[in-house]
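Modelling step: build the complete structure from the supplied sequences, incorporating the hints.
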Amino acid sequence: MTLLVVLGASLIAAVILAFVGDRKIAPEINILGSAATFVASIFLALEVYTGGPMITASGYFFVDAFNVYLSVLTAFVSMTTAVFSRRYMRHEREKGRVGRAGMRFYHAMFQLFIFAMLLALLTNNVGILWISMELATLSTVLLVSLYRTPSAVEAAWKYFILCGVGIAQALFGTVLLYFAAERVFGEGSAALLWTNLSQSADKLEPTVLSLAFVFFMVGYGTKVGLVPLHNWLPDAHSEGPTPISAVLSGLLLNVALYALVRCKVLVDGATGSHKAGYIMMVFGTISILVAAFSLLRQKDVKRMFAYSSIEHMGIATFAFGLGGPVATFGALLHMLVHSLTKSSIFFTVGNASQMHSTQEMSLIRGLVKGNPLVGWGLMLGVMAIVGMPPFGVFTSEFLILTAAMKDAPVFAIFFLVGLAIAFAGLFRKVIPMVFGAAPDYQVKIRAAHTPVYVHMVIMLILGLYLPVFLSDWFHAAARLLVK
Amino acid sequence: MKSVYPLLIEALQVLIVLVASPLLVGWVRVLKCRAQGRRSAGVFQPYRDLSKLFMKDIVLAENASWVFRVTPYIVFGATLMAGAIIPIISVDLPLAATADIIALVALFAIARFFTALAGMDIGTAFGGMGSSREMMVASLAEPAMLMSVFTVSLVSHSTSLSFMAHTLLENAIMLRPSLAFALLAFALIAIAENGRIPVDNPSTHLELTMIHEAMILEYSGRHLALIEWASMMKLFLFSSLGVSLFFPWGIAGADAPAMLPLAFVSLAIKLALVGAAIVVIETRLAKMRIFRVPEFLGAAFILSTLGMLSFFMLE
Amino acid sequence: MSQNLAAQINSVLAALILLTAFGLLVQRRIYGLLHIFAWQGLFLSVSTAVVGFTAGLHHLYISAILTLALKVFVLPYILYVLIHKLKIKKEVEEVVNVPTTMLIGIALVIFSYHLTAPIRELSTLVTRSTLAVALATVMLGLLMMITRKKAVTQIIGFLALENGLFFAATSATYGMPLVVELGVALDILIAAFIFGIFFFQIRTTFDSLDLKEMEKLKEED
Amino acid sequence: MQGIPFKGRGPWGRGVLNLDPLGLVSLSILVFLALAGLSPLLASRQKTLLAITFLGSTLASLIALSGGFLAVYNSSTSSMIMPVGLPDLPFYLRLDPLSGFFATVVAILGFLVSVYSIGYVKSFVGVRSITPLAVFYNLFLAGMLLVLVADDAYSFMVSWELMAAASFFLVAFEDENAKARKAAFIYILIAHIGAVMILLSFGVMSGAASGFESFTSYTFSSMRANAASGHITPAWAAAAFLLALFGFGAKAGIIPLHVWLPEAHPAAPSNVSALMSGVMLKTAIYGIIRVSFDLLGVTEWWWGGLVLIIGLVSALIGILFALLQVDLKRLLAYSSVENIGVILISVGLSMIFASFKMGALSALAMIAALYHILNHAVFKGLLFMGAGSVLHGAHERNMERMGGLIHKMPWTAPLFLVGCLSISSLPPFSGFASEWLAFQSFLLSPSLPSPLLNLLIPLGAAVLALTAALAARCFVKVFGVAFLGAWRGSANANVHEAGFSMKAGMAGAAVLSLALGVFPAFVIGWMDSVPSMLVASTVQAESPFGWLWITPVAPERASYSAPIVFLGILSFVAAAYLLLHARKTAIRRGPIWDCGFEKLTNRMQYNSTSFAMPLRRIFGFLFSIKETSRAQGNPNASPMFQDRYVYNLKLRDRFWYLFYKPASDLSFWASRKVGRLQHGRIQIYLLYSFVTLIVLLMFS
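Protein chains in written order, with numbering that gives the first Met the number 0: chain A, 0 to 482; chain B, 0 to 314; chain C, 0 to 220; chain D, 0 to 699.
Think of the hints as simulated: they come from the structure by calculation, not from any bench.
Here a beta-carbon is modelled for each residue, glycine too, at the ideal position from N, C-alpha and C.
Treat the hints with care, since some could be wrong.
Some chain C residues judged to face chain D by a derived CB distance under 10 Å, without partners named [what the hints assert, rightly or not]: (1) 84; (2) 85; (3) 89; (4) 94; (5) 96; (6) 107; (7) 109; (8) 138; (9) 142; (10) 145; (11) 216.
DMTMM-like, lysine to aspartate or glutamate: derived pairs with alpha carbons at most 20 Å apart [claimed, not checked]: (12) A:368 with D:173; (13) D:598 with B:61; (14) C:215 with A:359.
If you want it as structure tokens, here you go:
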């Protein structure tokens, strides 16, 4: 029941918003919709926490420790993003970067996007998982090109084509999976239910599944933004409206990684080897290194943080590939803290670039002088994202690094290099942006600071005092994922 | 008696250092004049100089601060303290236990530190130049000195001066390469530390060649007297340290008051010989350019380190 | 109709699909591309129907009809209208010249055959060896997207790739569950509308559909 | 939480009242954190903020001081568990003599500097907001104390990075000048890389245990257990040691990881640089000792050898660089590199002895190291505070424009002189005592069974001696150029003496460093519990009037009685003074001798550059020196008679060009190459995914 509310709220909101259009109350409805989703997801979480993993009668939906926290996270971040985008988009509207149709489209598609992601998280059917991933892509494509600037259109086109092709390959993987499962469960959707598949994964044909994993890897990996499938990501993040960049790198990447991990579990079960894990480790490490080195040379602030998202997705992928209880725990935690941190960073970056009406980092200066909340928000956010305690990212990287040092010391060296370079790249750009004197072209804006600092506080809490229920979930999920 | 005897020795020793040091300098001067075919002012001239200076009034530089005025006393005190801990005539010297060879080097370092500061206090180019050069010499000579005495203390398994002298006295005369190296190094360092030719010339006031004299150029009256006296004591102490470390024979052993006269005589002879050696060196050699000095001291440093190495390798 | 016959028909259709895939690679005129693409869709739906008939799976008929509607009529029509409206140049321009593309294509076919060889035995009698064709079609579609310069041709390549997927879904595995089929069809439809919108956006912003216009976003040195 | 007795009720509840050392230290940590949290609320009232913050930190430091002192004094080990952190990895806290000793060091300097800061920071009030300073100053102190009491990898890393971050913001405090920002960047970068290496080393040490089935393998106790039970193979142990050594070394500023130090210390406010140089570097030494002696246990002698060599190199090169500096605080920073080197020399010796199971000698070297840590904290703090009050009184950091400050700053000058005397290790001041101990432990080395070491160690002693002599020379230069002579700067500079609290802070440090020098026996007796905990043996040999002497092994080996030497010098000086002042003699002031050249100006004095010139001639090969001198005026006049000459000396840290510039160039080159990936052409991107697909298919 709650599950239906979780899924339904955003869908209904989307429909309503499609009709409300550019009215004054549209943002409020937007907030309301995602707030409802969030509340419902909380209740869902409570149910799962008390009652354990639940599966709906039809078997189409399945909620366990792994996806419940991701859906709560998704609902939460979408809510804060809605709150943030209220003022942000109003400012954009006043500056005339978005038209009436644009606003209508923006709000409706935002909710649709949330719906797609929640569907992808909660469904139990690997086929529907694929469909909702595709839906998530399609619903954001035109949001990326919302500003209709040449670069925006180009970015959106690349996003569309690359992710389309990638996701198509994921479909091929799904087909192969079904092809193998059909022989065990017979035809019909029973053969696509993840629960069934995971229970009797060892019966599945290993050759087919290892073939299927390749397609899953390339397919969902494209959406996770793993190098060398990442090229759409920086463009899409830098050209879209900031709230969209926030949810893209905060949520969509997570969901894609979630899909990939779900598939990896099946493949591991079938092949009984650790090959999939190694593939993921290699992808993760390459992503960390490439992203770190690309960070060094960025001029556009949102682009830079897009690369940092690639780096962190690489870390999480690496950790999932590494396996083992601690690394998996770290990876799950990392997905959580990264999305919180990165979305809050995008909020502050959005405010900063509105203050200077540019995304050029060389023109953004003296934030602390201009607006201490924005300045310190950015500084703390960056400290959090590079893994400085007492923020949550540190905790996850602590676990992942120590585990890596034990199980894969060779990778740990690349890790060290990557982290160092990324740290240097971010700090050498951010310090002059935050400190120093404020330039004369800096303007005051009415920015929403609450979302930023709410995220900060949560990150702080996660870094200093990880709640018991979370760690229980993570342990449960780790047990689920580590065979 | 038992308890008084060491105190007597101590007092006697301090007295000797105070009184005999100008004599040594005088002796060196006399010999030098002879060697260079000049008429000398006699062995006791240094005493006359000192007393004259003590009588004179003081002219202070306008810019001189309290550092400048307190320096002579500190230099004098530190040097005399050093004199109180080097066993010259007898090994059981109570104060010898309070400060070992490292402390001894440090005491000379204090004196030098303050002299250099005083040189910079008045604010002339000369003072600064003198201090700079002095500290350059010192910064190379001091480690070399430590190395060479360390070699001795490795041989004698102690850094306490009286114990070192004692052990060297105890065991039979044998040729140790390490000690030979150490002695050579010590000789070079002693020359440098006391500002003798070829490193420095105590009797010149030619601006460009001065080291020690440049620092104390502005001193006068009793200040100058104290500093001069201290430097005489320093020469005396280095010579006597050298002889008591490397040629300790004749020095009075543990509570053997009977040996004291003999100790006196032997000390006198040894120091006379040292003086002669100094004269020979100073008349044979010419003062070297200031930037040759590092090479000179580098040689000393290498020698002393070689001494230590040879102790580890050969003994 | 015996299994054997069905298998023969099916493999013929598979061959035809592969042929059309190659046809897409060689064809130099856009309208020609559209026709070939429509033909491919037709073969696809027919083979779906055949499989459904032989296996007695009726939901496959639905997907066959869907395919027929979408891939043979709707999408080609949309594309036709767009090309007409936007006055796109009628010649296809490619990055790599045709013979090379062909050779690569051949190599890809061999590769995918080799790849699917181990799982041929698992496949059912009727649809044996069609998986290789499906994979080959997917890869040829990808190859086409890589080697063509125009947005339109890329889209066609993309759709051809989708055809390959469908073929795999239907022929190799007797079709996915109906929900999935419907969902996928829906997505394709949305995608079609989106690229429709895109063509206009691109056209208005760049007044050309040449992808060369869209190479601004990069790490400049 | 095996092996950790749940002793000591924390600072909350009745815990405050009982004198559990850990309770006291954690109480002070809480006070610091509370102050940091409080400060932003007072941002509007800067004056009250100033008072509350620094009085509060003074108090907190005293509490920590008592705790640390007690822990060492009755060599007690107490531990407790704070219910924060990961659910199954709470913060384990533990205060043993080792951490107690370092906590004492931190607290002592924290106290003195906090007193000093009351006056020093006042000069910022009105100029800029001191709120960040107040916040991060307290966080910084809290972080350092936390590092010392942390007893598991997680809480250690958290507090370590807290310390780093706080000091980063302090370095960037005067953020409008780009140099400070750059310094802060370099600092935080190197610190972070070091932190990651430490993290990896913890990973090695804990990973060997339970294979991460549970998080409790992150506790230090289980790491100890691993090392003891031989879970860690020698190779892994070596890896852990090396990672830790370089991780901590980056923070300690060993050559060649020192480059951040001379940038960050001048940039930071002087009270902060006093803390950074005085105690923050020591936390790194703490880490090295903790990991090598406590967690891993020294097994291989080459560990000690490596540390020894690093120490020697850092000491010698550090002091040489220091000698050539003209910026006072920069010079002090380089001298900190030297002192860290000196400390590491003793630590290395101690490790060597420990690896050969020579308890007594190891303890002696350890004591030498600890003693020098304490001394350096005090006198380097003093010197930085002095530099601060010069900066505050004369608004000048460049020694070339100083001089004669002794006349204008009658208090700062003598206090600074005390600092110079003890850093030049002259008796009876504190520096000498530790140097004496270090030399003793060198001279006891012949009993080592390894011939290689027997050759290495004399060289080590030589280098140490050379370093000490050069240090003396360096600080003659500092005091002589800055405080003596005549003012070289602009004529209308109004130089004024520091305020009361600043004088008080410096005076405290000066008295302390004299006391540490005169009564070493007490100090050693107090800190003997540290080596007895680490290497199970102590140094102090029995002798009559034990408090009067330090007699490392046996009275006949060596003995040093600082009080008597002090009294001796004093009495001789007094005697001379009294005797000479029995007769009244006039004292006239006269002009200095200008050897006939009438137009002497203050700029003709020897300045810092000219003082160091002979050294440049000798050790020039170590630096990258650019020396230019050209004549200004009418070109057709003979070069002899130009109206002015301009001499320009550029002196750079060669290591920057040896390691760091290549590294950054390399990474930028790599990023250019990587940037090519983002080519812009969508076909290329599709090709990437195509190729990826093919490759993966081939491998599957």
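Verification of the supplied hints:
1. 84: violated, 23 Å
2. 85: Nearest chain D Cβ about 19 Å off; hint violated.
3. 89: violated, 21 Å
4. 94: The hint holds - residue 94 (chain C) has a Cβ within 10 Å of chain D, the shortest such distance being about 6 Å.
5. 96: With Cβ-Cβ at 14 Å, over 10 Å, it is violated.
6. 107: Holds, because the Cβ-Cβ distance from residue 107 (chain C) to chain D comes to roughly 9 Å (cut-off 10 Å).
7. 109: With a minimum Cβ separation of about 12 Å from chain D (threshold 10 Å), the hint on residue 109 (chain C) is violated.
8. 138: For residue 138 (chain C), the interface hint holds, since the closest Cβ of chain D sits about 8 Å away, which is under 10 Å.
9. 142: holds, 7 Å
10. 145: Status holds, d = 5 Å.
11. 216: Because about 6 Å separates residue 216 (chain C) from the closest Cβ in chain D, which is inside the 10 Å limit, the hint holds.
12. A:368 with D:173: Since the Cα atoms of residue 368 (chain A) and residue 173 (chain D) sit roughly 13 Å apart, the hinted pair holds (cutoff 20 Å).
13. D:598 with B:61: Holds - the C-alpha atoms of residue 61 (chain B) and residue 598 (chain D) are around 16 Å apart, at most 20 Å.
14. C:215 with A:359: Measuring from Cα to Cα gives roughly 16 Å; hence the hint holds.
When each numbered hint is compared with the structure, violations occur for hints 1, 2, 3, 5, 7.
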